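Visitor: So you can see what is in the structure, the chains are spelled out below.
4 protein chains.
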Amino acid sequence: MPAESPFQTQRDAAAERRGPVTAATIIIIIIIIIIMAPAGAKKGILERLDAGEVVIGDGGFVFALEKRGYVKAGPWTPEAAAEHPEAVRQLHREFLRAGSNVMQTFTFYASDDKLENRGHTQTFTGQQINEAACDLAREVADEGDALVAGGVSQTPSYLSCKSQDDVKATFKKQLDVFVKKNVDFLIAEYFEHVEEAEWAVQVLKTTGKPVAATLCIGPEGDLNGVSPGDCAARLVKAGAQIVGVNCHFDPDTSVKTVKMMKEGVEKAGLKAHYMCQPLAYHTPDCNCQGFIDLPEFPFSLEPRILTRWDMQKYARDAYDAGIRYIGGCCGFEPYHVRALAEELAPERGFLPAGSDKHGNWGSGLEMHTKPWVRARARRDYWEKLKPASGRPLCPSMSMPDSWGVTKGHADLMQQKEATSQEQLKALFDKANKGQ
Amino acid sequence: MPAESPFQTQRDAAAERRGPVTAATIIIIIIIIIIMAPAGAKKGILERLDAGEVVIGDGGFVFALEKRGYVKAGPWTPEAAAEHPEAVRQLHREFLRAGSNVMQTFTFYASDDKLENRGHTQTFTGQQINEAACDLAREVADEGDALVAGGVSQTPSYLSCKSQDDVKATFKKQLDVFVKKNVDFLIAEYFEHVEEAEWAVQVLKTTGKPVAATLCIGPEGDLNGVSPGDCAARLVKAGAQIVGVNCHFDPDTSVKTVKMMKEGVEKAGLKAHYMCQPLAYHTPDCNCQGFIDLPEFPFSLEPRILTRWDMQKYARDAYDAGIRYIGGCCGFEPYHVRALAEELAPERGFLPAGSDKHGNWGSGLEMHTKPWVRARARRDYWEKLKPASGRPLCPSMSMPDSWGVTKGHADLMQQKEATSQEQLKALFDKANKGQ
Amino acid sequence: MPAESPFQTQRDAAAERRGPVTAATIIIIIIIIIIMAPAGAKKGILERLDAGEVVIGDGGFVFALEKRGYVKAGPWTPEAAAEHPEAVRQLHREFLRAGSNVMQTFTFYASDDKLENRGHTQTFTGQQINEAACDLAREVADEGDALVAGGVSQTPSYLSCKSQDDVKATFKKQLDVFVKKNVDFLIAEYFEHVEEAEWAVQVLKTTGKPVAATLCIGPEGDLNGVSPGDCAARLVKAGAQIVGVNCHFDPDTSVKTVKMMKEGVEKAGLKAHYMCQPLAYHTPDCNCQGFIDLPEFPFSLEPRILTRWDMQKYARDAYDAGIRYIGGCCGFEPYHVRALAEELAPERGFLPAGSDKHGNWGSGLEMHTKPWVRARARRDYWEKLKPASGRPLCPSMSMPDSWGVTKGHADLMQQKEATSQEQLKALFDKANKGQ
Amino acid sequence: MPAESPFQTQRDAAAERRGPVTAATIIIIIIIIIIMAPAGAKKGILERLDAGEVVIGDGGFVFALEKRGYVKAGPWTPEAAAEHPEAVRQLHREFLRAGSNVMQTFTFYASDDKLENRGHTQTFTGQQINEAACDLAREVADEGDALVAGGVSQTPSYLSCKSQDDVKATFKKQLDVFVKKNVDFLIAEYFEHVEEAEWAVQVLKTTGKPVAATLCIGPEGDLNGVSPGDCAARLVKAGAQIVGVNCHFDPDTSVKTVKMMKEGVEKAGLKAHYMCQPLAYHTPDCNCQGFIDLPEFPFSLEPRILTRWDMQKYARDAYDAGIRYIGGCCGFEPYHVRALAEELAPERGFLPAGSDKHGNWGSGLEMHTKPWVRARARRDYWEKLKPASGRPLCPSMSMPDSWGVTKGHADLMQQKEATSQEQLKALFDKANKGQ
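Here the protein sequences line up with chains A, B, C and D, keeping their order. FYI, UniProt numbering numbers position 67 of the first sequence as 67, with every residue one higher than the one before it. FYI, UniProt numbering numbers position 403 of the second sequence as 403, with every residue one higher than the one before it. FYI, UniProt numbering numbers position 298 of the third sequence as 298, with every residue one higher than the one before it. FYI, UniProt numbering numbers position 334 of the fourth sequence as 334, with every residue one higher than the one before it.
Isolated chain A (complex conformation):
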């Protein structure tokens, strides 16, 4: 074994036999386990976290499915759950194989106010999309050791200054589907303002199911400048049992932010579990708005994509910071999640099914035809490598846009009709002036 890992040195005898085990065998074993397990035997999310287990999340669906041709960048809505269920099911399966313990329903931006935005019309109703998403998540979750999490996210209504009642009613409509479909727990995610996240948590708490809440913020705090520590304490007080961040920032920044949250919660004398689902993009140059403000968002982010080795570092950093719910968001592909599961295999005691098609730290390269590629089948090669961009005309960092507008600004108001040419021209002019 050329590529050493904590797992390989610590794992028990049973795992030692893995070498000759094929993917097929692993799947058969998994199926047997599932068949033998009594219905409802899966441990709940809080049971796992209370027991100190690592929970591997999944990756973001809108970016992954945009690249596959099923989601439109701009509206970012999840109608594919109803329109192209085979594509959504396949992505769920890939994350499951990669080691995910949670199948999030593909219900991001599936609130009615968001589905009909700026000229984007839908063939399916919001309810149909939410229901289809629940069914797909449950179907695949049942193929392995995964739970279903129903998710709500920030609403255009809030940005447009609708009342607390209106915003809460929006969450309630999605929640009704989650209750009907009996998801295992709930996530309020991708909130830029802690106030809106509190409202979401308050609504989700009415079900009695466990509630997780993540903000899309960095060390500077939410868009009103509330610090990560204060945000986290407020979310715990609102009823969230798991708090953390998702999206908008890279793993380094996100782990740092969750650490600040943990300090805030502990300083307030509260308790919580911690969760991190960052981008799979390097964003050292972001301001408080995260990658939305980077000039490369959303169509030229490729050079920033994390490697699997970057992901192993993230998994270890998150674990060391006391975070136990470790997943991903935009940019994550199944192999990124697999890297999290491989890094934390010593702690979890097993490798995911998908690792049969990998091998720790590149050990699969032992079978490569070219000898100089076989010479890369080792951990220290990949850990030390500083990958080149192949783009000598490009810089390493960008200056983010910094329009600095937030809730209440005219340009952020929800409108049903498409953006007009006049509206666009005004925006183009404003952007060009800023250069």
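Since the hints were derived computationally from the structure, they do not count as laboratory data. Be careful, since some hints might not be right.
Identical chains share a label here; the pair holds if one copy fits it or two copies do between them.
Within a straight-line C-alpha distance of at most 20 Å, the following computed PhoX-like cross-link-like pairs (lysine-lysine) qualify [as the list claims (entries may be wrong)]: (1) Lys209 - Lys271; (2) Lys370 - Lys407; (3) Lys370 - Lys162; (4) Lys433 - Lys237; (5) Lys433 - Lys384; (6) Lys370 - Lys237; (7) Lys181 - Lys205; (8) Lys237 - Lys209; (9) Lys172 - Lys256; (10) Lys67 - Lys313; (11) Lys267 - Lys237; (12) Lys313 - Lys430; (13) Lys384 - Lys205; (14) Lys168 - Lys237.
Source: prediction; values computed, not measured.
Put chains B, C and D on the given structure of chain A with help from the hints.
Guide: Leaving out everything else, chains B, C and D in the frame of chain A:
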């Protein structure tokens, strides 16, 4: 329409109506067209190319499926066709939606000598894998206007100095499946030595089906130093009707190489169609071995991934160079193929189904919530942007490994048993010394 | 006039006539002014600053003379003042021509304890070096409108934990020369610990001459973690009339630090003038030790050198921050100082003599032979340009060494004998382990 | 001795004693040698080269003196020789101390047609400037073991299509001064067209003095596309005993070009000595016009400046390529020349005077106060280091301007009056369109 394209200015009245057409409608239209078409009514590959039509290829399967968890980097073998048909089918479908006119059977490295390599054993036989791959390609090709191409590629037998007869027998075994499954045409691809490619073409020609042949070479020629022009002329003489390159180099380098091939063919008084299926990675720093020699291969290539805008430039460059079969190889995701189809929409007269989830030059961003992102819904924004890597500690170029060993070298010999620890240690030492 | 500057738009009628004025004319005018001025008629440093005038400092001598072959990197001692007076005189003259109002005596590290360090012996005594440096500074200062400043800097004695009396005695020896040579004012510069700087100020104050004090610190404060604001307040209380930073950080970081100092002084209800003499190297990646910790220090800093346009931005930023004593340190060449003087020409009312060989914002290029270079004779060209490194194998940022040792650590102790091979080997091993 | 060099391992016992020798001692020895030598005892340039000795050239004066405030970028004329002789003398001295065996007269662009260009008038006549330059070079050459070389360079007359007689008359005027001042040999340098260089060589040959000729070309050849090999053969046939390149390209490119010249000369059955005086800027991105076409020329080239270690590599590469006259051009500072002399100390048998202020491969750092800097006092540290730019918003390569105009184009015509605003505006427009 903020984002101008040749298509939008040149397209005919029928296309003009596309605006409000949804993906669903397009699929219905496609289904109607398919139903109405008599069996076998699809135009063959040579009919299309002779008529001057653009043929959009698909992308590489091994890299895409490695990221999804179904292919092992190192052996790079296609057993997933039999093991996980749903994953392979889904990828075919995504390429079809993106605009591909060709479904290549997922039979890369599916020769028997390659399937059993360096300790990598298979649950399925070579015949089972090849058959499953043909069935999947045909199933999805029948869902749209695509042809099925059976593909063979370089063999370990050739590198191990087996006889011409032995090597040809290896190709023949795969070919028997292709004939039985009645693929529409054949591709001999990914050859580093023109001699082996000639042998492959000679075998494939025996079927009477059209034959395409691509080498994985750059402007320096094949690994024996035969120039691209001479390579191409030899392949045409061997019977290939379509010649070009695939894999190993980025689009810029590959288009340049095919231009050299075209000059060679014309200088020899011959005629052919031209084909280009490059990497989706920027490789300005490669030597003659292509991206295999880059230190980032295969696990840290992320910063080199082309954007969709890079792809539009590639499609235009290839078209302008007289290349009409334009596709991709390793690194291509469905959205990369869609970009080719969008760039060449004026020439083809239509957009692919997947463009319903995109919009030319980022016009889908008109529906984004944040006004400064709506300000990016225009061509000149994306064309001018020089995307940052987000990696300030990394360089922009690498020094390739340059072991310079090829056919006949001891380190390249095929062996069934796994690479031993002693063998690995020798390779690691050699690699470290080279640094 | 293609290249616009605030100076050109704001300058008065007299300056408007500058166009056809040659360098010779300017020099003649300067000579006339000098001849007409009564002896001792020059305004003192505090008179100038109290009147709100901009004072342009000079650049660092040790780095400039190291490149010219007269200073040894490592010891960094100023024996060239006695050994090669023509080289030191010439550099003074170049800074004077570039617009400097201050000639600092080349007495950096000219304390006796530093001159005899780790095997570095001297042909001249400390007193001889200090006296020669004073004579040279005075000679050139008298050729223009410049003052002579005698400078002391941090001592090995302090790092080696000598007593306050011992350290003060060290400063006193240099000061005796400054008094004898009647310098115009005094500078305590390049202190890493505010405590040692306070001691220096207390000694310098005994002369009754104006005293400036600069620390080589960034926003994180001195090496004991005392904040810039607190450092500055302590220096003012110790008697310094001018406070600020020099060396160790780039202009962006240094201006930011002086702003923090200003806030600290004002918060303490004190008053002072502010001074900034940063590096001419970009150092966004520094930690609290500044560029000493960068792996490129001191022999591979070239890619970080600021352009003249970067310097104009620095001069403007410093001015806008309320800093009026604006100069430079290591890395500054005469053209860098000239850029400061050109940027602040509107405020000062005149251009330096050296600008006769330049022209604002590249306007001298109007005379270039090649038309595309004449096309660069304009401000917006140079302001927008992002200069390439020409080093595709190099990164844009470095990880600083962070040994984190300071005053009192065994490795920092002064020793007269040369570093032994054993001592060196221990250091090399320690450094390699850290990689 | 931590930093090993070929010199240190190969040098003889006498050199071994160098350790404790101070700069002063070396200078005294040099003075003794000079005093003892009979007048005219210095070996001529051809004697040295015929004997296989290494001749170290000097660096470029226009760029070095531009930074010091005595030359105007744009006209790049050498009036400082008459206007500010102390500055020119000092630079000569620094190159001498650094190890230069040649003092080139500062007569670049000192032809009468160039001195009065586009509104740039002179206080001194061409003859005065040329004479002053000869006197300064001789004065300093006499202080050490250096020869005086009189230099002519390309003329505006040639670009403006003046007759061969006119162009030759221009060279003749400078040559008359060189003969009167009895320089040791002649250099025709910085020619972009081999034809003009041939004319220059023919004129210089009339004196009977040795003639060197260098073109400012790269591997693509002169601006008419004449290959380096053909250029060199033509120059040798015209009478040059030493041929090579200077300016316009970095050391890597220049050594490569001189190798091509050597092959051309040898292929033509001729014999010559070879010479290389490249830029001190990295220019991997240049086209045939060299660094003039880079967008950073001439005011933002800083990030491209070579380190002393880059220079040692250049000296070794040039030596290994059979080049024996090894010097520099624009961008070279004295420490760059010293690096050449240090690298070739084993071949030359001695270190230059200036090395007393350096120490091989950074060994002077043994005396640094900070232990982690002392840990850098070794060759492998500096050889492996990839220096960062400190500029994360900048790329590593540029797209050169490529106006592609040469001799005869209207925009290149000489004109005495200043470039008018209309002319400038036309150029700015043309440049902006090209972006």
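Visitor: Now tell me if each hint is right for this structure.
Guide: Structure-based check of each hint:
no.	hint	result
1	Lys209 - Lys271	within (18 Å within a copy, 61 Å between copies)
2	Lys370 - Lys407	between (56 Å within a copy, 11 Å between copies)
3	Lys370 - Lys162	between (62 Å within a copy, 17 Å between copies)
4	Lys433 - Lys237	neither (44 Å within a copy, 47 Å between copies)
5	Lys433 - Lys384	between (42 Å within a copy, 14 Å between copies)
6	Lys370 - Lys237	neither (58 Å within a copy, 30 Å between copies)
7	Lys181 - Lys205	within (17 Å within a copy, 57 Å between copies)
8	Lys237 - Lys209	within (16 Å within a copy, 62 Å between copies)
9	Lys172 - Lys256	neither (32 Å within a copy, 49 Å between copies)
10	Lys67 - Lys313	between (25 Å within a copy, 18 Å between copies)
11	Lys267 - Lys237	within (13 Å within a copy, 38 Å between copies)
12	Lys313 - Lys430	neither (40 Å within a copy, 24 Å between copies)
13	Lys384 - Lys205	neither (46 Å within a copy, 48 Å between copies)
14	Lys168 - Lys237	within (18 Å within a copy, 58 Å between copies)
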